[in-house]
Amino acid sequence: GAVVSQHPSWVICKSGTSVKIECRSLDFQATTMFWYRQFPKQSLMLMATSNEGSKATYEQGVEKDKFLINHASLTLSTLTVTSAHPEDSSFYICSADGRQETQYFGPGTRLLVL
Amino acid sequence: LAKTTQPISMDSYEGQEVNITCSHNNIATNDYITWYQQFPSQGPRFIIQGYKTKVTNEVASLFIPADRKSSTLSLPRVSLSDTAVYYCLVGASSNTGKLIFGQGTTLQVKP
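In order, the protein sequences belong to chains A and B.
Going left to right, the first sequence walks through residues 1 to 114 as the numbering used here numbers them.
Going left to right, the second sequence walks through residues 1 to 111 as the numbering used here numbers them.
A hint or two may mislead.
Straight-line C-alpha distance at most 20 angstroms; calculated EDC-like pairs for lysine to aspartate or glutamate [stated by the list, open to error]:
hint: 1; chain 1: B; residue 1: Lys-98; chain 2: A; residue 2: Glu-63
hint: 2; chain 1: A; residue 1: Lys-64; chain 2: A; residue 2: Glu-87
hint: 3; chain 1: A; residue 1: Lys-41; chain 2: B; residue 2: Asp-82
Bear in mind the hints are in silico, worked out from the structure with no lab data behind them.
Predicted, not measured: the structure shown is a model, and the values here were computed from it.
Using the sequences and the hints, build the whole thing.
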């Protein structure tokens, strides 16, 4: 139980294009999901909290107009990187809130912007 | 939000027991202590969680002293496949559910 999937697992795009990443909780409902970004050899950095049916809450320094988050249902949250640039290349990971402070993480999406 | 401090790296050999200690001096009353494991290019995986005393599951044990200001993850008889980064996290309840990752401990298991 408690499986979280992400799609796609990796994506390569040209600079200036937008990329959408999906995060799904497969066997449970998640009112809250989280998006992280991880650069090589670094820890996970929380980008935003995604709440079903309401606007996402972004961490300080994360541009909400660049990283659009939509949490339209209890099993799906999407992260859209708009007008992607090479510096947006990173490993994006989502998680879904479980019980007792446990989060269930997706496998991650590797984004490479050329 | 409780800040955690862990060793940056540890080395071990196959078959040994590995203990990774995490300090969290300002842990709040309602906070749980949760450990995750992460392999390269994968999302973190839940290992174990505890509130106080000792917790054991099929992969690890978690020791928490009475003051809860630290915790120790114990991995019995590690193998090469246990080479990973281990994160200690505290304080989601007192931070609207958010987990703030520290640097973690990179465990290198050698043959």
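Status of the hints after comparison with the structure:
no.: 1; hint: Lys-98(B) x Glu-63(A); in the structure: holds (18 angstroms)
no.: 2; hint: Lys-64(A) x Glu-87(A); in the structure: holds (16 angstroms)
no.: 3; hint: Lys-41(A) x Asp-82(B); in the structure: holds (18 angstroms)
Hint check: no violations occur; every hint is consistent with the structure.
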